[in-house]
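Chains L and Y are the protein sequences, given in the same order. Start counting the first sequence at 2; every next residue gets the next number (this note's numbering). Start counting the second sequence at 15; every next residue gets the next number (this note's numbering).
Treat the hints with care, as some may be off.
[Said to hold, decoys possible] Looking from chain Y toward chain L, a few residues come up when the C-beta cut is under 8 Å (computed):
no., residue
1, T101
2, K151
3, K152
4, R374
[What the hints assert, rightly or not] Residues from chain L that face chain Y, not an exhaustive set, calculated with beta carbons under 10 Å:
no., residue
5, S28
6, H30
7, H31
8, I57
9, E60
10, A123
11, Q125
12, S185
13, S189
14, R209
15, A210
16, Y212
17, G213
18, V214
19, L218
[As the list claims (entries may be wrong)] Simulated coverage check for chain Y against chain L, where a stretch passes if three residues somewhere in it have a Cβ under 8 Å from a Cβ of chain L:
no., stretch
20, 118 to 125
21, 171 to 182
Calculated directly from the structure, the hints in this document are not laboratory data. For glycine and all other residues, C-beta sits at the position ideal for the given N, C-alpha and C.
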Amino acid sequence: MKDRIPIRIANKRAYVWDVDDLVRIRSEHHLCGLLVGTLPHLSQQNVFLGVPAQLIPEEAMLLVEQQLAVFIDDPNAYPEPSLSQFERWNEQQIQYLKRQKTILESDLKPPQLAQRAMSEEAIQKRKQRELKRQQKAQELRQNVEQPIFVPSVEDPERSSVSSSQYTISVSAPSSSLSWYTPSSHSYSTIEAARQGGIWDFPSDLRDRARYGVFKDLWEQGYFMGGGIRFGAIIWCTQVILSDTTRIFVRLSSNHRPMQ
Amino acid sequence: MDDNLQEPNAVPKVNLGDEVDEEEQSSGDEDEGPDWTKLMPNAAKPVIPKRGDKEFEPSKQGGSGLQQHILNRSRNAMFDALRATRTISNKAISYGTWHPTLSRVSVSIARGTAMNTIGHSAPREILMADGVLKTQKKLELLPEEAIYLIERGSLMCWKESVSTKYPNDGIFEDVSGSPMTVQQAYSEMIGKEDLTMDRVRDYPLQTSLLFLSHCGTISAFIIRPAVFFTLTATCITLFILDIKPFFADIFSDYRLVEAAKNQQMATKGEELQYINSLGSFALSLTLALLDFIFRSLRFIPSGHKVPIYTPPEKNFPPSPYEPFFNLYKPPTPFKKSAPPPPDYQIVVVDARTTPMPSLRELAAIYDNAPELPPPKPRVKNPPQVQGVSYKQTSAPTPAPGNPTPVSDHSQLQTSVQNTTTPLGADLGPSGLSSSTPARLFSWPSWLSSSNPGPTSNNSRAERKPNPFAVLRQGKKTAIIAVVDAGTINIFRFAQGAFETGPWF
């Protein structure tokens, strides 16, 4: 049960969110899934896509039926975090920020320059300059009209965090959240998932026939995927080499959607 | 030596489909010595056709070490790319709160150009500190808009917390609940408000397609019609697709054919009597037949103006072919509070459960679509113009939301003519046939959108548009995105008509 791949079910669709699970599905069970998410650092294109990978219903059902995976009712697996859980998460974010800063300082600035920039004297000077500028701006404003809003000088602790440049990380998979509880919402059989109301494939005779064909071809060792771009139900390719990365890319690139 | 081969290069070669002759097809190894396999008898030759060079060829031994090495490298490159974390600069990130009860994300801090075209403002009642309910307008995002922004790393989304108030003492400018991962956003937001996975996937596809095909910033605007039903009264009529009233009380094709048959049966006897009195049987037969044919032909109406026969007693299930997204081209001057009529409307359907659109369903989409003006002939270096769109047809009507009634074809056509005359006259045929000075003069007139001069009108009359282009474009268009487990195909259906056109 423990080493089964968690397939997250949301709105009756099956997704794989963890890249390690994706590696296992692809290399051990020769199923591909289809990447449907956006790559974080390449968000303005749709040639290369990222997690999640969406499994076609046949793939998801096959994995669960072969006892290789479990379904997880994902929308219900997010209880509200307690205050302590949130604080721990917050602490992690602050640690992450500090790590960034140390890396940035050690990497980007040459040591002498960094020292000068961070020396006590320089900081004092910079603060004074900032204060002067603010006073000047205030005087100017007073000359023109009545002051509406007097900016208060921020406390130095706070401003050092908010004024500097740093990055915020938004995690794609939820497995890093301490309050995420997938285990209490998992279903290890299709029947249980159907009774739980999160899964409805196969819903009729036609679906069962599709699944039968899919399973048979999978047992023969074929790689398969959705074949709508070829006017078919599934595409399948023989596996003699151990992966379809290259073949798959070529096939899909030749069949762009009609515009 | 094999550096080029070893580099994981997922970008396919462009010339794959090109014709390659026999010599180029054989791999480099075979070129070194005489290739004895070419002398094999035909029956023994492998039957799988081979085109172009293959980096990997299936072999029973399972591929060479080099092949395996390259495959592993390319696979690891893929997984490494997938493992990359989503990091956002604190200066560029927007903050929002997901309200599961409202199915909306309210934006507290909005940054970036994406926010110019995404979201809408909605009045919400807020409990103030002194216990008074106040109505405030807030920028809100639809679920698919929120997912799109979270995925591309523009939005930090919190889930509204019911009981706990979380402290804001960390690195965030705004904390309004528990933090959401992308996975949580997918799981919780999809399924709300008719939003299915298919539609979510379609959303960024539209943006990226337009992004690719138009200008350098991402500025395609996509809006769901349904939202504006609730927002402004003027827009309520804008996108309503009501099929039944159009067909319920109008003559059907079927009845007309029946009537034509009855007419034929009645006239046949009279005709024969008349012909016998003349005494020329052969001639009379011909005349009778001709008359018979003409009567029949003339009597049956045809074309798209004739409504489709709908049995009045049947109740049809609700059609999945309803427009879900409005699409705007990037140069559209766009106001969030009063969106202009869209350039295109897109229907999104699930390939697994939805059959091909029936004639009736397609007709329903066409009825809502504007009539397209004939395509303009190609002009070298055309200025950037907005394409044929809903705007041009609905521009003359005072309320931009009225769906086009079926009976209004003639009026519509004239309005199309009116609005397109400056465009077609100046950029179109005259641009090709008239001399350069004339063209130079005509462009400013188009830019200032004044009426074209008489010369350009004359030149318009001289030349008809290319019939093939007209046929290909059709009079009306329906765009359908078909999604099968993540794979999206977009199809364009066009309604063409032979009854009118440049060939007459």
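Do the hints match the structure? See the list:
no.: 1; hint: T101; in the structure: 4 Å, holds
no.: 2; hint: K151; in the structure: 22 Å, violated
no.: 3; hint: K152; in the structure: 22 Å, violated
no.: 4; hint: R374; in the structure: 23 Å, violated
no.: 5; hint: S28; in the structure: 8 Å, holds
no.: 6; hint: H30; in the structure: 15 Å, violated
no.: 7; hint: H31; in the structure: 13 Å, violated
no.: 8; hint: I57; in the structure: 4 Å, holds
no.: 9; hint: E60; in the structure: 9 Å, holds
no.: 10; hint: A123; in the structure: 23 Å, violated
no.: 11; hint: Q125; in the structure: 25 Å, violated
no.: 12; hint: S185; in the structure: 15 Å, violated
no.: 13; hint: S189; in the structure: 20 Å, violated
no.: 14; hint: R209; in the structure: 14 Å, violated
no.: 15; hint: A210; in the structure: 14 Å, violated
no.: 16; hint: Y212; in the structure: 13 Å, violated
no.: 17; hint: G213; in the structure: 16 Å, violated
no.: 18; hint: V214; in the structure: 15 Å, violated
no.: 19; hint: L218; in the structure: 17 Å, violated
no.: 20; hint: 118 to 125; in the structure: violated (count 0)
no.: 21; hint: 171 to 182; in the structure: holds (count 7)
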